[in-house]
Every structure is written in C-alpha cells, then in structure tokens.
Amino acid sequence: NAGVTQTPKFRVLKTGQSMTLLCAQDMNHEYMYWYRQDPGMGLRLIHYSVGEGTTAKGEVPDGYNVSRLKKQNFLLGLESAAPSQTSVYFCASSYRGRSYEQYFGPGTRLTVT
Amino acid sequence: TQLLEQSPQFLSIQEGENLTVYCNSSSVFSSLQWYRQEPGEGPVLLVTVVTGGEVKKLKRLTFQFGDARKDSSLHITAAQPGDTGLYLCAGAGSRLTFGEGTQLTVNP
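Residue numbers (this note's numbering), protein chains in the order written: chain V, 290 to 402; chain G, 101 to 208.
In short, the hints are calculated from the structure, not lab data.
You may find that some hints are simply not true.
To be verified - When the alpha-carbon atoms are kept at most 35 angstroms apart in a straight line, the in silico DSBU-like pairs for lysine-lysine are as follows:
1. K303/V to K359/V
2. K159/G to K170/G
3. K303/V to K360/V
4. K156/G to K170/G
5. K346/V to K170/G
6. K298/V to K359/V
7. K156/G to K360/V
8. K346/V to K156/G
9. K360/V to K346/V
10. K303/V to K156/G
11. K360/V to K298/V
12. K298/V to K346/V
What the hints assert, rightly or not - Here are the computed distance ranges between Cβ atoms for each label pair:
13. D327/V to E115/G: 28 to 38 angstroms
14. Q114/G to N317/V: 40 to 50 angstroms
15. P208/G to E368/V: 45 to 55 angstroms
16. L145/G to E341/V: 22 to 32 angstroms
Every residue gets a Cβ at the ideal spot worked out from N, C-alpha and C, and that includes glycine.
Let the sequences and hints guide you as you build the complete structure.
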C-alpha cells in the first residue's frame, strides 16, 4: 500500500517548456487535489477532481491544466512554464470532500529558469 | 475567500518548553484540521476538531476549537526535538483552506 505517489521528485525547466506531473493513489479515493506550496503562503489549491472524468478549478488555476482519466491517477500539466511557477507541488487525495482527511504525496520540486 | 491566519510564523524554543500556536479566521468552519509537515515530505494529519469548544489531546499536544468555530489553537507541553516541523491548520468551508503554517524548531 504505497498511498499517494508523485513523479518526478525534482525537475528543472526552462521558460516556455512544458511538462506533466503524475500523481497516483491506491486508496480508492474519490477526490484528488493539486496544491502548490510557496514560502509564507501555505498550500494553495490549483485544481481538484471529485471523481473520474471530472476536474474543477481551485484558487490558483492559471497556467495549469489537469486530467483525471482514471480514478487512481491525476495529472497536472504546465503548457508553457514561467519562473512564477517555481514551487513545490503536492498531490493529495481524500475519501470524500472537504471534511475528510487529505493524504499527501511527497511533493515535486519544480524550478523554472 | 476564507482566510486562515497562523501565528507565530516562526518559533524556536528549547527542549522542555511549552508553546502555543494560533489559527484565526473571520469565517466559520464546519471543522478544522491540523497537519504536521517534515522537510521533504507532504503534510500528515494530526487531528480534526468538529464541535465548537472541542478539546482533543494527542499525547503532549492539545488542540482546541473555538466556541464560534472561527479559530483554533495547538498547545505543546514539554516540547521535544522530534516535534520540529511545519504545523498547518486547515479549515473546512466550501473547500479546505490552509493557513500559512508555523515553522517550529525545538533545540536540544
């Protein structure tokens, strides 16, 4: 039982490049989330999904896209990376919505130069 | 937008001292969660408080939810180096909203 896994753990991009972050969970959770964490700003929700095939915007969605083709996977894409997207990205999942415990992955540290 | 403010932002204490971390908002939450995050890892849930005035204890950690369900506190008794980490509160409103975190360092 691996919980929530994220790949890759580290990535360096040049401005304008694209990439996809992969999140996988093996707990059969309905809800999945992508957050970014920046110093002094806590965790900010980028996009989330309440079930397979559904996605919704969070607090800071601009510059990101997501897809949830399978219940266990949630992908985060950056089409044209910008230095402002340098951050640590966390994926999380929960059995249901906002009142339920969220289980987090180990994070991906992304640097955009 | 529901905001959660945590204080202090940084706290450095000696082993054996007591401390309190605060989480405040002008919004009412249906529940409030506390997470701890260690370097290089994702946050891990410590506790969820649901009822106004509720107090929960987890060994040396005491969590309290305000009567009006707008604020919460975390008190640690006799802090140990293993308590070092980033403590995050998160309020359940229309969605889960995280505070900025309190970075706690407990020195031996």
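Checked hints:
| no. | hint | result |
| --- | --- | --- |
| 1 | K303/V to K359/V | holds (30 angstroms) |
| 2 | K159/G to K170/G | holds (25 angstroms) |
| 3 | K303/V to K360/V | holds (31 angstroms) |
| 4 | K156/G to K170/G | holds (17 angstroms) |
| 5 | K346/V to K170/G | holds (25 angstroms) |
| 6 | K298/V to K359/V | holds (22 angstroms) |
| 7 | K156/G to K360/V | holds (34 angstroms) |
| 8 | K346/V to K156/G | holds (34 angstroms) |
| 9 | K360/V to K346/V | holds (18 angstroms) |
| 10 | K303/V to K156/G | violated (47 angstroms) |
| 11 | K360/V to K298/V | holds (22 angstroms) |
| 12 | K298/V to K346/V | holds (24 angstroms) |
| 13 | D327/V to E115/G: 28 to 38 angstroms | holds (30 angstroms) |
| 14 | Q114/G to N317/V: 40 to 50 angstroms | holds (45 angstroms) |
| 15 | P208/G to E368/V: 45 to 55 angstroms | holds (48 angstroms) |
| 16 | L145/G to E341/V: 22 to 32 angstroms | holds (24 angstroms) |
The structure fails to meet hint 10 from the earlier list, while all remaining hints are met.
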